[in-house]
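If you're matching them up, the sequences are chains A and B in order.
The first sequence begins at 1 in the numbering used here and counts up one residue at a time.
The second sequence begins at 1 in the numbering used here and counts up one residue at a time.
In short, the hints are calculated from the structure, not lab data.
Predicted model only: the values in this text are computed from it and were never measured.
No residue lacks a Cβ here, since even glycine has one placed at the ideal position from N, Cα and C.
Check before you lean on any hint, since a few could be wrong.
Short derived list, chain A residues pointing at chain B, Cβ under 10 Å [unchecked claim]: (1) THR8; (2) LEU20; (3) VAL24; (4) ASP26; (5) PHE42; (6) GLU80; (7) LEU99; (8) ALA101; (9) LEU103; (10) TRP104; (11) VAL113; (12) TYR118; (13) ASP120.
Covered stretches of chain B (chain A as the covering partner; in silico rule of three or more C-beta atoms under 8 Å from a C-beta of chain A) [what the hints assert, rightly or not]: (14) 165 to 176; (15) 296 to 309; (16) 313 to 321.
Take a look, some chain B residues computed to stay more than 12 Å from chain A by CB distance [claimed, not checked]: (17) VAL46; (18) ARG74; (19) VAL87; (20) ASP120; (21) ALA131; (22) SER142; (23) PRO147; (24) ARG194; (25) ASN204; (26) GLU245.
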Amino acid sequence: MTERPPRTNWPHDVPDARELVEAVRDYLADDLGPRAEGRDRFLLRVAANALSIAARELAAMPEDSDTHAERLAMFDVASEQKLSDLIRSGGLDDRRPELAAALWETTLSKLAVANPNYRDTSLEG
Amino acid sequence: MTDADETTVENKAVKLARLLGEELDATIEDLKRLTAGASRETWAFVADGQRRILQRSRFGPGLGGGVDESTLLRHAHAGGVTVPEIVASSATGDHAIGAQFTISAHIDGESIARKILRDDKFAAARECFVADCARELAAIHSLEVAPVADALPAIADPVAAQRLTYEAVGDPHPVFDLAFRWLDENRPEAAAPRVVHGDFRMGNFLIEPHGVSAVLDWELAHLGDPVEDLGWLVARAWRFGGPGEVGGIGSRRELLDTYAAVTGRTVTASELRWWEMLASLRWGVITMFMGDEHRKGSNPSVEQAAIGRRVVETEYDVMLLLRAELESVR
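Here chain B stands alone, though its shape is the one from the complex (with noise of 0.2 Å):
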């Protein structure tokens, strides 16, 4: 980071920190960025002796993703999801704090994959991963729709939105085109709209020495099939380098068993199959949208560039899919 970098943080913390004040009525301390990406911020601050999270977003709901966070976050944390407790917000498009901004309150736990999966400290939520995973998304599936209805956009046909992604791209990976193919072939039968997460996955959840202590990350939820999280949640570019198949730490059958258990839908090994094979396909489009947006020069970077070269990751896990269901035919 250079001098000129480290200005503007601290003149647009100075800034938040007043904005911040005077929403809360609180006296703001120990204001810090986390993270920031192109059209979000994540910052970490304590409101009159509290810790908060603010995430705040360059975009209004309706665009740049059209979901409305607080008003989804409120209601999942009433339904039982293990979200954190929403303490303001605004999704006007045009207060000062961010178009769209949540502030919940401060939750402990862990996200870097590569500690949950091998740290001694969180041998006991490894065991119970799997259930907790079940658990989250029977309660997120579980969701009432009405109440969030014009909250979240709707995704008739997930497959014709990844397809969209690719051919806008133009970069012809024949791989994909056969798996397209083998997906509308093979379509599961259409299930009644629910709340889908959207990128449930490890790496979205923070975990504590006994479990999961929050579902993080709700930007790309929508209304759609359920079986779209598991199917994402089992992909191999989320396992870390783990051995298991959900997350690097549980099975797909345990995963099922489970699900079925807690929400008492079936959900059978071919119809996850279908959707991790959609999964595995949507990040291969975005790894090479990625790997575009670089070449095009409209967001250049050497991170970027190395992303752009994952695509044939996504290509080999989709190929393994498709063997195997190919085989499986003969």
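Bound-form chain A, shown alone (with noise of 0.2 Å):
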């Protein structure tokens, strides 16, 4: 490997979060994890998974933060617990085609990054 990636993380040194977050996650997965048996390998691969969970949870901030909240102004509110009272409210019962529409985008970009395998478009119809 050549090229470097992109450094964002100043005035921090590199590796930055990410690439630490994914050095252990490769350490757990790929050195530990096949000497491991039982309990201990399967519990090693819930542990790289959450690192793998968390080192997309930071490529994607905060884009994901930024384009959630230009959705919740869609509906006139600034936080999640303000649109979850809204819905229970009925506030947004005559809104409903494009609140699930907002709400479905958001629910594929964190699918993206906890479990990007578990989409599966053939069941989107």
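Reconstruct the complex from the two isolated chains, following the hints.
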């Protein structure tokens, strides 16, 4: 590998948070994992997977947060809690298709971080 | 496992073997712990040459779930449900073996979904899996209610039960709020309460090459609408990567047809979707709760932490169902 990823975490040094997380993930998955047995082996896989989620979240932020704020603004709220309250009180009953479309987009961006393999476009109709 | 853990387990096993010997008036050999949860343990052993399974709980009936499993399992066995025969049990809350325990015959079979879905030896079992599920559900749902009325909690409003947990965690998920609202608006007509297994899904069956050999894990059983069991069975969380909608194997249509054939009760596709949405929501609320337990520090573990991030899988499943419903309305 010759091409370094871009540096964005000034004033901190590199490897940055995401790269450190990935390094630990690879150590757990590739070095420790194959040597472990039973429950330890299972938990190492869980741990490596958790670090993959963390790495993807670090890569997706703050862009995902900004897009999310824009989607909240479509419904004149500034927080997830306020959107939640508005749906519960029936305040968005007359905008349901629009709401469903926005929630769908948010769900896809969350899923792309937490478990991209879970998405199955054949079920999306 | 550390040395200290092993010593504790060993001491526990010596004591338990003595108690089991007294309870069954038998010689106990090969006592092994199979699983250990926060409140439940499963052990395997041999009593006078016969293989037995012990399930014991820290909590008696009425606490921590409220199911008197020994009464329920004896009733289910007599009613033709494929469950292990109970040879000894107690639900008094103060027995030395456990506040509640059952000792049953050992039944051969595989419970690991990955193997059931992929191994050649289960090819025939996969062929009849949906029919087996329909037959077991029919047997469970036609059990007489009166003899177990005091052994089971009655859940009159299954939506409220999930909402309660959701609100207790207090972490806003607008997808769930929309789903709760939609479920409230589209409730199916209330059915006469029946025995509902409550956790009827791939992973809780023992499977032999010829088909289902036991239906396990009855601790969430209750009185309610039987379609709940069908909705839970088809939820995506229990497909384990298999292509079929029913536990990764069969289709929803096949399940509804075979269930109607054995019970005489027609469940519509939209009724099933309602319960499937509630099932996804229920699994979502559970994953949220487990992630929250980790964050609160009450039960920190990397496994719990990782499960917390599975919430969005259920949001995705809920959104798939909601989108289909909203489009059919438009």
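Evaluation of the provided hints:
no.	hint	result
1	THR8	violated, 24 Å
2	LEU20	violated, 17 Å
3	VAL24	violated, 12 Å
4	ASP26	violated, 17 Å
5	PHE42	holds, 8 Å
6	GLU80	holds, 5 Å
7	LEU99	holds, 7 Å
8	ALA101	holds, 9 Å
9	LEU103	holds, 5 Å
10	TRP104	holds, 5 Å
11	VAL113	holds, 8 Å
12	TYR118	holds, 5 Å
13	ASP120	holds, 9 Å
14	165 to 176	holds (count 4)
15	296 to 309	holds (count 5)
16	313 to 321	holds (count 5)
17	VAL46	holds, 23 Å
18	ARG74	holds, 34 Å
19	VAL87	holds, 30 Å
20	ASP120	holds, 25 Å
21	ALA131	holds, 25 Å
22	SER142	holds, 33 Å
23	PRO147	holds, 40 Å
24	ARG194	holds, 30 Å
25	ASN204	holds, 19 Å
26	GLU245	violated, 10 Å
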